[in-house]
Amino acid sequence: MTTQTPTRPETRTGPGESQPKTGVRLAGAFYIMVLPAFLLFFVFHTIPVIQGIYYSFTDSPGYGPANFVGLRNYIALFTDPRVLHAYWFTFLIAAVATILVNIVSLAIAIGLNGRIKFKNGLRGIYFIPNVLAILVVGYIFNYLFSNSLPALGEKLGIDALSTSLLTKASTAWIAIVILAVWQSAAFNIIIYLAGLQTVPTEMYEAADLDGASAWRKFRSITFPLIAGFFTINMVLSLKGFLQIFDHIVALTGGGPGTDTESVALLIYKGGFQGGEYGYQSANSVVFFIVIVGFSIVQLRVLRRREVEV
Amino acid sequence: MSTSASETGTLVGRGSERRPRRQRRNGPGVNWWLTALLIVLALTIAIPLYFAVVTALKTTDQLGGTGFGLPTDVRWANFADAWRLTDFPRTALNSALITVGAVVLTLLTNSMVAYAIARNMNRRLFKGLYFYFVSALFVPFPIIMLPVAKETAILQLDNRVGLILLYVVYGLAFNIFIFTAYINSIPRALEEAAAIDGASTWAIFWRVIFPLLAPMNATVGILTCLWAWNDFLLPLVILSDPGSATLPLVQYVFQSQFQTNYPAAFASYLMAMAPLLIVYVFAQRWVISGVTRGAVK
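Quick mapping for you: the protein sequence lines, in order, are chains L and G. Letter 161 of the first sequence, counting from 1, is numbered 161 in the numbering used here, and no numbers are missing. Letter 2 of the second sequence, counting from 1, is numbered 2 in the numbering used here, and no numbers are missing.
For the record, the hints were derived by calculation from the structure and aren't laboratory data. Owing to the predicted nature of the structure, the values given are computational and were not obtained by experimental measurement. All C-beta atoms in this analysis are idealised placements derived from N, C-alpha and C, irrespective of residue type, glycine included. Check each hint, because a few of them may be wrong.
[Claimed, not checked] Derived lysine to any residue pairs resembling SDA-like cross-links, with alpha carbons at most 25 Å apart:
#1 L:K168 x G:T66
#2 L:K239 x G:T66
#3 L:K117 x G:V281
#4 L:K155 x G:F51
#5 L:K269 x L:L92
#6 L:K117 x G:Y280
#7 G:K150 x G:F138
#8 L:K155 x G:A46
#9 L:K117 x L:W215
#10 L:K168 x G:V281
#11 L:K155 x G:K127
#12 G:K127 x L:I47
#13 L:K117 x L:N102
#14 G:K150 x L:L40
#15 G:K150 x L:V285
#16 L:K119 x G:P215
#17 L:K155 x L:S170
#18 G:K127 x L:Y31
[Stated by the list, open to error] Counterexamples of contact, computed for chain L against chain G with all Cβ distances above 10 Å:
#19 Y74
#20 R82
#21 F91
#22 I103
#23 G157
#24 D159
#25 T163
#26 K168
#27 D246
#28 L302
Please build the complete structure, drawing on both the sequences and the hints.
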């Protein structure tokens, strides 16, 4: 990459450049501009993708020789309870977190867009989680969930809270969703705010004259006009949460046992520490197809809705 | 208009075009109920941060209970402990070097690639290249995580330099997407004038286009900075030498040492979050507008 520093243009400004542009020579410089990026991208992105696909057909433990095993990894994936559980757990968290984060951030964005005092200050505070590392925030939440919340539950006499949410999968997912929503609402609020500012105020004035209720105004004016922003946020949230990793490392580490493993965490653990390099490569190929599939379906459905509403 | 307490009702009269005289009654004044509600909700952001601060100042025997009380006896030495345990100067320097390196190189290179692509979208090769880069947006990192860790180890790039390189390369997908959209809105007349004056393509880019990209450079710079500084997964799988660990990575590595010393752990978390938080406090509006510009494009 260092060959692309600004010192480069000087060496290219030769004497022959004085004529007005001629398509061919201009294109030459353009080719040089994109060539290093293309090569690096190919080496560090495309080759790993291809390699991953290749390894998915082998029994490679991550080192040493490997045998070609055909589709055996793929077949094994679909009967492996640990893998199936990771997918189920990931889908659960992604679905709940995506819906919650969009409801919460749309509501807060509408509030922030209202006639309020300290508008900029509040907006600034709500954005703070976006500048913090999820892992580090996650460790703080970990302590809150495993020590403070049970202590609070005991004080208030709420049995459900008196044991840590993180000790079993049936409650740990709630803690993970809370952290996920807390952290990513910040970004979504900002996008919705940008969307709300595109809605012309005259429309509300007209609706007021007609005596429309607040909910009616939201349903018939606000929401249809920011549908595009809703689509962006839904797609980005779901895609992000399907890859959930940092949150889980910080809160449960995937435990107890493997009960709270997400797919990304399972690929990491199995691939790097479990000697399942080839097997987890197959898992990541399946995961890739799942994520692309979800994104496409979601985009289609939401775009169609955008047109309808 | 007088019943504007509900959320959407307040949308009326939004924006900064406030009337010069504030009407006393029934007019579009400040909605104090909504303001109060938003302040209360903002406490959910503040509570974990408050908790981190008070815990970082306690002695270990003050822990227990809900932990929300103020420290009775402030122990600043927790920060010294954390400083020593995580080798803070070195770790922070690693994070800073990686972040600055990633941001500077991303701005210099990604904008240039986007420029070449944007101005040649009529050529099949460049158009193909555009879709090649942008399609990577659909490839989640866990897919390439295993092979790329292996590859960087073989190429001896399992270090800070390799990490910077990966941020620059992986940023291409999104950055090209937003840079080209922005470049398309810049009229070609400027470049044609410069070309007639004898400027080379390179000179045109660096002297004419690059300065015009300033708003987009701010956006890409901010997003790259947030990503590189806070990222955990990429350093986790790429860096092999513990000495080049970044701030988030070191919190992970030292979890076992912190198990018995929560105040020092919390001091360490605060120290890891502080640099970017401080920058954010001063550059808040600029950061938010930058992020918004990137997302709305």
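Structure-based check of all given hints:
1. The suggested pairing of K168 of chain L with T66 of chain G holds, with an alpha-carbon distance near 21 Å, which does not exceed 25 Å.
2. Simply put, K239 of chain L and T66 of chain G have alpha-carbon atoms about 35 Å apart, too far for the 25 Å limit, and the pair is violated.
3. Among the hinted pairs, K117 of chain L with V281 of chain G is consistent with the structure: their alpha-carbon atoms are about 19 Å apart, no more than 25 Å.
4. For a cut-off of 25 Å, the pair hint linking K155 of chain L to F51 of chain G stands: about 18 Å separates their Cα positions.
5. Annotation: proposed proximity of K269 of chain L to L92 of chain L holds, straight-line Cα distance about 20 Å (limit 25 Å).
6. Taking the CA atoms of K117 of chain L and Y280 of chain G, the gap is about 21 Å. The hint holds against a cut of 25 Å.
7. Between K150 of chain G and F138 of chain G the alpha-carbon distance is near 22 Å, which keeps this suggested pair within the 25 Å criterion.
8. Under the criterion of a C-alpha separation no larger than 25 Å, the hint pairing K155 of chain L with A46 of chain G is consistent with the structure, at around 22 Å.
9. Between K117 of chain L and W215 of chain L the alpha-carbon distance is near 23 Å, which keeps this suggested pair within the 25 Å criterion.
10. Restraint check: the Cα-Cα separation between K168 of chain L and V281 of chain G comes to about 38 Å, which exceeds 25 Å; the hinted pair is violated.
11. Among the hinted pairs, K155 of chain L with K127 of chain G is inconsistent with the structure: their alpha-carbon atoms are about 64 Å apart, more than 25 Å.
12. In summary, the hint linking K127 of chain G to I47 of chain L is supported, as the alpha carbons are separated by about 21 Å, within the 25 Å threshold.
13. A threshold of 25 Å between alpha carbons decides the hint, and for K117 of chain L with N102 of chain L the separation of about 24 Å falls inside it, so the pair holds.
14. In summary, the hint linking K150 of chain G to L40 of chain L is supported, as the alpha carbons are separated by about 16 Å, within the 25 Å threshold.
15. Restraint check: the Cα-Cα separation between K150 of chain G and V285 of chain L comes to about 17 Å, which is no more than 25 Å; the hinted pair holds.
16. For the proposed pair K119 of chain L and P215 of chain G, the alpha carbon gap of about 23 Å is at most 25 Å, so the pair holds.
17. For the hint pairing K155 of chain L with S170 of chain L, the CA-to-CA distance comes to about 23 Å; that is within 25 Å, so the pair holds.
18. A C-alpha spacing of about 13 Å is found between K127 of chain G and Y31 of chain L, which places the hinted pair at or below 25 Å, so the restraint holds.
19. Every C-beta of chain G lies more than 10 Å from that of Y74 of chain L, the closest at about 15 Å, which supports listing it as non-interface.
20. The non-interface label for R82 of chain L is consistent with chain G: the shortest C-beta to C-beta separation is roughly 16 Å, beyond 10 Å.
21. Against the 10 Å criterion, F91 of chain L stays outside the reach of chain G, whose nearest CB is about 15 Å from its own CB.
22. No Cβ of chain G comes within 10 Å of the Cβ of I103 of chain L; the nearest lies about 13 Å off, and the non-interface call holds.
23. The claim that G157 of chain L is not at the interface with chain G holds, since no C-beta of that chain comes within 10 Å of its own (minimum 14 Å).
24. Residue placement check: D159 of chain L keeps its beta carbon more than 10 Å from all beta carbons of chain G (closest about 17 Å).
25. With a least beta-carbon separation of about 15 Å from chain G, T163 of chain L lies farther than 10 Å from that chain, consistent with its non-interface assignment.
26. The Cβ of K168 of chain L sits about 21 Å from the closest Cβ of chain G, beyond the 10 Å cut-off, so the non-interface label holds.
27. Not every CB of chain G is more than 10 Å from the CB of D246 of chain L (nearest about 5 Å), against its label as outside the interface.
28. The claim that L302 of chain L is not at the interface with chain G holds, since no C-beta of that chain comes within 10 Å of its own (minimum 16 Å).
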